[in-house]
Amino acid sequence: MNVIGSRPDGWWKDRERAMVALVDTLDEWASAQGETVTVVFERPPRTALKSTVVEIAHAPMAAANSADDEIVRLVEADASPDEIRVVTSDRALADRLRRLGASVVPAEAFRNRIDPSDR
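Under the working numbering, the residues of the sequence shown are numbered 47 to 165, in order.
Incorrect hints may have been included.
[Stated by the list, open to error] The following label-pair restraints were derived from C-beta to C-beta distances: (1) Arg63 / Ala110: 17 to 25 Å; (2) Arg144 / Thr93: 33 to 41 Å; (3) Thr82 / Arg144: 16 to 24 Å; (4) Arg92 / Ser126: 31 to 39 Å; (5) Val66 / Asp128: 30 to 38 Å; (6) Arg131 / Ser97: 14 to 22 Å; (7) Ala109 / Asp141: 16 to 24 Å; (8) Leu146 / Pro106: 16 to 24 Å.
Don't read these hints as lab results, they were simulated from the structure.
Quick reminder that beta carbons are idealized off the backbone N, C-alpha and C, glycines included.
Go ahead and model the full structure; you've got the sequences and the hints to work with.
Below you can see the structure in the form of structure tokens.
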């Protein structure tokens with residue numbers, strides 16, 4: 047919930063709705079920008095999320111830091127990790143990703159970029 051949690055807008059009251067809203071926002075932004083986006087959740091949502099351009103992934107098992115570990119696994123598996131930008135404000139995760147060659151964008155800065163009207 048790194049990007050979702052970057053704004054105290056009550057997302058914790060309905061995590062499922064927050065996940066759907068994030069995917070919808072990412073879908074719109076990625077389509078407009080021509081960006082390739084993968085979003086990684088700690089667990090699969092109860093309702094299937096749909097997107098035309100966003101790849102939706104989740105950790106194999108929901109546990110503390112499981113989404114972080116899945117993000118690291120995806121970056122490690124990529125042939126060009128230096129072309130990957132990961133959005134996170136988690137310092138430990140950011141350090142792991144930078145060591146693999148990925149760049150890191152702070153969650154709040156990215157959230158402001160994809161959804162500037164919701165500040």
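Tested hints:
1. At about 23 Å, the beta-carbon gap between Arg63 and Ala110 stays in the expected band of 17 to 25 Å.
2. About 34 Å separates the C-beta atoms of Arg144 and Thr93, a value consistent with the hinted range of 33 to 41 Å.
3. The hinted range of 16 to 24 Å is satisfied by Thr82 and Arg144, whose Cβ atoms lie roughly 20 Å apart.
4. For Arg92 paired with Ser126, a C-beta distance near 34 Å keeps the hint of 31 to 39 Å intact.
5. Checked against the given bound of 30 to 38 Å, the beta carbons of Val66 and Asp128, roughly 32 Å apart, stay inside it.
6. Between Arg131 and Ser97, the C-beta spacing of about 18 Å keeps the proposed range 14 to 22 Å intact.
7. Distance hint for Ala109 and Asp141: a CB-CB separation of about 20 Å, consistent with the stated range 16 to 24 Å.
8. For Leu146 paired with Pro106, a C-beta distance near 19 Å keeps the hint of 16 to 24 Å intact.
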